[in-house]
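Protein chains in written order, with numbering that gives the first Met the number 0: chain A, 0 to 617; chain B, 0 to 617.
Be a bit skeptical, because a hint or two may be false.
Any copy, or any two copies together, can satisfy a pair, since identical chains are not distinguished.
[As the list claims (entries may be wrong)] Listed below are the simulated BS3-like cross-link pairs for lysine-lysine, each with C-alpha atoms no more than 27 Å apart in a straight line:
id, residue 1, residue 2
1, K176, K42
2, K133, K422
3, K173, K105
4, K2, K183
5, K183, K100
6, K93, K183
7, K42, K100
8, K183, K132
9, K100, K132
10, K422, K173
11, K100, K133
12, K132, K105
13, K133, K105
14, K93, K105
15, K133, K42
16, K590, K176
17, K42, K105
18, K176, K100
Derived by calculation from the structure, the hints in this document are not laboratory data.
Protein chains: 2
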Amino acid sequence: MEKETIRERLALLRQGMSREGLDAWLAADADCHGSEYVGEHFKTRTFLSGFTGSAGTLLVLPDSAGLWTDSRYWIQAEQELADTGIDLFRSGEKTTPTVQKYLAEKLPEGGRLGFDGRTFSGAYCQTLRRQWKKGELRSDLDLPDAFWTDRPALPDAPAFLLEERYAGQSAAEKLAKLRQELAKRDAAVFLLTALDDLAWLFNLRGGDVAYNPVLLAYAAVTPERALLFTDESKLSDGLRASLAGLGTEIRPYDGVYDFCRETEPGCRVMLDTRYVNQSLCSILEDRGAERIDIPNPTALWKSIKNDTEQANMRLAHEKDGAALTKWLYQVKRDIGRVPMTECSVGDLVDELRRQQGALGPSFATIAGYGPHGAIVHYEATAETDVPLQPEGLLLLDSGGQYLEGTTDVTRTVALGPVTEEQKRHVTLVLRGMLALADAVFPAGTRAEQLEAVARLPLWGAGLDYGHGTGHGVGCFLCVHEGPVNLRQRPLYGWDGVLRPGMILSDEPGYYAAGSHGVRQENLLLVCRAEREGYLRFEHLTLAPFDRDAIDPALLGEEGRRRLDAYHRRVYQTLAPRLTEEEAHWLAEVTKPLETAGGLYHEKKDFVSAPYEPRMQTI
Amino acid sequence: MEKETIRERLALLRQGMSREGLDAWLAADADCHGSEYVGEHFKTRTFLSGFTGSAGTLLVLPDSAGLWTDSRYWIQAEQELADTGIDLFRSGEKTTPTVQKYLAEKLPEGGRLGFDGRTFSGAYCQTLRRQWKKGELRSDLDLPDAFWTDRPALPDAPAFLLEERYAGQSAAEKLAKLRQELAKRDAAVFLLTALDDLAWLFNLRGGDVAYNPVLLAYAAVTPERALLFTDESKLSDGLRASLAGLGTEIRPYDGVYDFCRETEPGCRVMLDTRYVNQSLCSILEDRGAERIDIPNPTALWKSIKNDTEQANMRLAHEKDGAALTKWLYQVKRDIGRVPMTECSVGDLVDELRRQQGALGPSFATIAGYGPHGAIVHYEATAETDVPLQPEGLLLLDSGGQYLEGTTDVTRTVALGPVTEEQKRHVTLVLRGMLALADAVFPAGTRAEQLEAVARLPLWGAGLDYGHGTGHGVGCFLCVHEGPVNLRQRPLYGWDGVLRPGMILSDEPGYYAAGSHGVRQENLLLVCRAEREGYLRFEHLTLAPFDRDAIDPALLGEEGRRRLDAYHRRVYQTLAPRLTEEEAHWLAEVTKPLETAGGLYHEKKDFVSAPYEPRMQTI
């Protein structure tokens with residue numbers, strides 16, 4: 000973007016600030032629902048600053064401006080912010096003040112901060128108020144809209160009903176359960192704005208948000224009524240009839256604000272202010288409504304997949320495993336002979352998934368070769384793309400959206416010779432990943448009690464990774480789904496207790512900056528173990544791990560046993576979905592490491608790989 | 000005790016209650032400091048009820064009485080309470096009301112509950128008030144004292160100075176650090192009543208409490224003054240001079256109550272109401288003092304052993320390991336030939352420790368044979384004692400108090416043939432215990448993140464144990480020392496972060512009720528690992544694990560490697576402290592399981608054990 004354009008936009012914003020008597024303006028790329036992915040219509044911060052990273056907050060003052068973003072984006076932000084007059088604030092560095100602290104320092108006593116209250120959560124603003132007591136918040140303005148002449152329209156993708164053979168439970172049953180919760184808490188209204196919870200509750204899906212099959216909508220449920228606030232053009236006649244059958248009243252998308260303005264003083268409203276935006280929260284406050292601020296109960300219900308969802312997730316993962324196995328086969332077969340780049344192999348896996356029935360990827364595919372693999376949230380673009388060579392490690396983190404479910408899988412692949420150090424890193428990561436997946440534990444065990452199991456082999460070598468070990472996953476919904484998470488410190492909104500039917504990713508990694516990156520990721524389903532009162536995990540993900548990148552000795556006796564058992568299941572399940580050549584290849588690469596005679600230590604030249612002969616038959 | 004005596008005592012108590020207008024009386028066996036072990040003087044509940052268990056609360060109403068105790072004591076309590084008119088309330092059972100709930104049900108609105116406020120903590124009474132709002136607390140009475148004619152006197156053991164070559168830091172330095180903390184919190188007084196923290200702060204030790212080398216005392220530290228409230232007869236002239244040199248003023252033991260009565264309104268008093276008793280708390284409240292209720296900072300400082308303490312703890316454990324090894328040798332050698340009982344082998348280990356320099360045991364030795372091993376807090380008495388046979392498992396949990404430090408170790412020993420199931424249990428427990436001890440982890444890791452490592456092998460077999468995995472340990476202080484603990488849920492008062500110098504026990508177990516019990520326990524010291532920023536554990540405890548009770552195959556490749564490495568160290572360290580015969584035996588029983596040629600699977604007849612020939616030389 001032209002730097003001149005940015006400076007002009009900031010000037011126009013400052014005119015607006017001056018007109019409204021504001022001392023500062025806050026902007027983020029955020030929709031009205033606290034979504035992870037947001038459409039172009041909502042990218043106000045990008046519009047104002049030119050910074051295109053997925054995370055960052057812009058603060059504009061009359062004679063200065065700052066952008067706060069984390070270490071993933073510092074290099075990019077430096078380039079994009081140069082000559083715009085916007086200073087970069089490196090979030091996470093000790094010397095960097097928080098936005099709140101900066102406001103307190105820079106703004107006069109009684110200073111006024113403006114922002115679009117629809118794009119910040121009630122909880123965020125509460126913290127802001129607590130930490131910056133001397134100022135005043137003004138959340139009812141959308142200043143940039145006045146001069147954002149070519150602002151993209153709101154998305155208008157059609158919504159559709161998720162049939163019960165996929166959802167496993169009718170929306171009527173879900174609503175009934177929710178109304179029990181309302182009664183239990185003596186609440187008059189449940190205000191739901193989180194798009195995935197809303198999609199789950201009404202068994203609706205849509206196409207308004209990239210990667211996440213949800214529709215832009217709000218909902219309000221009372222003991223008698225269910226209101227869905229959404230653009231009616233999204234709804235087919237059939238869908239409208241179906242929602243009417245459920246007793247759902249359809250209102251315009253923005254009608255939720257009027258709905259809140261009509262609440263009576265003292266009306267008990269159940270809502271999750273981590274997701275409900277500040278505009279709605281402040282309307283309720285003004286009306287004197289009593290807020291019951293709790294995690295959406297729908298979030299926990301949604302996280303416990305029912306039998307139908309579990310069966311469908313298994314099916315989705317068979318399709319997905321077939322796609323990924325075909326990809327692995329092609330890449331391993333063709334590397335060094337057919338030109339490939341990060342982008343081309345990324346496109347290939349997306350295409351192979353589509354052939355298996357995926358409606359699209361569940362997030363932007365990460366194909367990171369060599370040093371790019373060490374950038375945790377790398378996304379290859381035309382500018383960064385590199386050709387793949389027949390050597391070193393390629394990290395592929397990708398997933399698909401199927402009607403049956405959502406997938407998310409990472410494999411680290413040797414494209415040719417790899418160093419001993421690389422093998423060591425791959426093996427330690429895999430060892431921890433398999434150990435966690437193999438854990439049996441009593442009902443009541445919390446995720447953070449088990450998280451270290453995935454890290455211990457790395458820790459033993461003085462290595463670690465800077466991200467959590469896993470996240471919850473939706474069923475044909477968001478690939479990052481709360482409240483489930485597998486972290487060293489639990490996130491707010493969940494007691495951490497693993498319950499049968501929950502799905503989480505198991506994805507330790509290791510990142511050698513400037514050299515290579517390793518991550519191995521399977522999705523796990525929490526199941527009952529044979530012993531009453533105990534639980535275990537089931538690998539949902541089915542795809543081979545590249546043994547060319549593994550040192551069997553370092554995997555340990557148990558690690559080898561675990562990998563062999565997993566590979567046996569991968570072969571048995573996927574072979575019927577593959578061509579004869581692919582199946583033959585899969586049989587070879589899933590042969591047990593642990594044999595009766597001892598360790599399998601095939602010393603092979605990479606070029607004369609076992610599947611080499613069969614290549615000539617293609 | 001005669002049941003008639005109990006009924007008479009209750010009648011006298013009720014007369015007192017009626018005289019004071021009380022609707023209920025609460026009693027426990029507790030001293031004025033919240034100590035784990037209390038002297039006979041403080042056993043009011045035992046005096047009133049005849050129930051002698053270490054945990055239990057007595058509530059006496061005008062026409063009924065109840066005793067609350069946990070499952071460890073139900074059988075004992077049934078017997079001891081029979082015909083006394085006291086009902087047993089089984090704490091922990093779902094249908095059992097809490098004392099608070101029971102009070103709320105049984106007592107009239109505005110009912111009055113009396114108790115000796117010196118024997119309940121401020122925090123307990125706060126909870127009581129919160130949960131039983133309709134009643135009134137009267138905490139300034141000691142009704143039983145009036146008719147407890149032969150009440151044992153307060154202990155009067157002499158106190159002594161712990162020299163700096165043991166303490167590693169002068170009391171002056173500790174007081175200076177504490178005063179910095181006072182300044183930081185803008186506090187005028189630190190009121191310290193926890194006996195071990197007090198002993199640590201002043202480098203004092205005593206003999207007033209069984210197993211714990213502490214003296215009965217309170218302390219108050221202000222920016223200028225240090226007051227020690229204790230019976231002056233405990234202090235030798237030298238000790239008095241030394242305390243005076245430190246600027247410490249000596250006051251009578253009960254003078255602390257007057258001291259608190261002299262605080263000014265608004266005086267900021269730092270104290271830990273989990274330990275400070277209700278009498279002191281209510282005096283401060285009445286005076287209008289401002290309480291800063293935080294965990295005693297001394298507790299965390301004390302938990303981080305300095306270099307001198309660490310070196311001394313190592314030395315204590317060498318002596319202790321020699322004692323336990325001699326015990327193991329004698330028991331294994333003589334079983335089936337020389338009569339032994341639980342009590343006799345318990346006495347033997349205590350005596351062997353004394354010979355190594357121990358001043359006494361650090362807790363009541365647990366020697367549990369066969370089914371007794373499954374009773375977690377078993378203590379053999381003349382009534383329960385059984386002869387040991389040359390078969391099955393003996394669990395010995397014991398420890399010593401040395402000037403250099405405190406020890407606590409458990410070994411599960413095969414006295415002869417053991418079943419495959421017993422071996423399986425012993426091996427799974429040992430495997431988890433060794434795996435945890437071998438963990439390397441980044442600084443900042445919390446204990447509850449690692450706890451499951453000790454449980455995973457058992458969990459994998461659908462087995463578990465009902466207690467925590469470990470506790471903190473003092474340095475020539477209490478064997479159970481806060482705030483360090485290794486549990487599934489962290490206890491209040493500690494952030495859970497493992498810091499170099501902390502000591503904790505690692506003691507998983509398995510208890511097959513009516514059959515056998517298994518526990519394997521070593522003390523671990525948190526150390527820095529080679530890799531900067533990482534920590535690891537060092538085994539402080541040195542004593543062999545009985546390989547006759549272990550299935551090497553089930554221990555796993557890593558478990559065998561860990562055991563062999565540990566045994567190598569045990570032998571090298573302890574051999575110089577043993578007789579030739581003992582050292583020879585130790586060499587045999589610490590031979591590696593994992594040999595170059597494969598697994599060590601010696602199939603031997605138990606009677607022709609490898610140390611048999613050398614027996615004839617003794």
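Hints the structure fails to honour: Numbers 1, 2, 3, 4, 10, 15, 16 and 18 - these are the hints that the structure violates, sorted from lowest upward.
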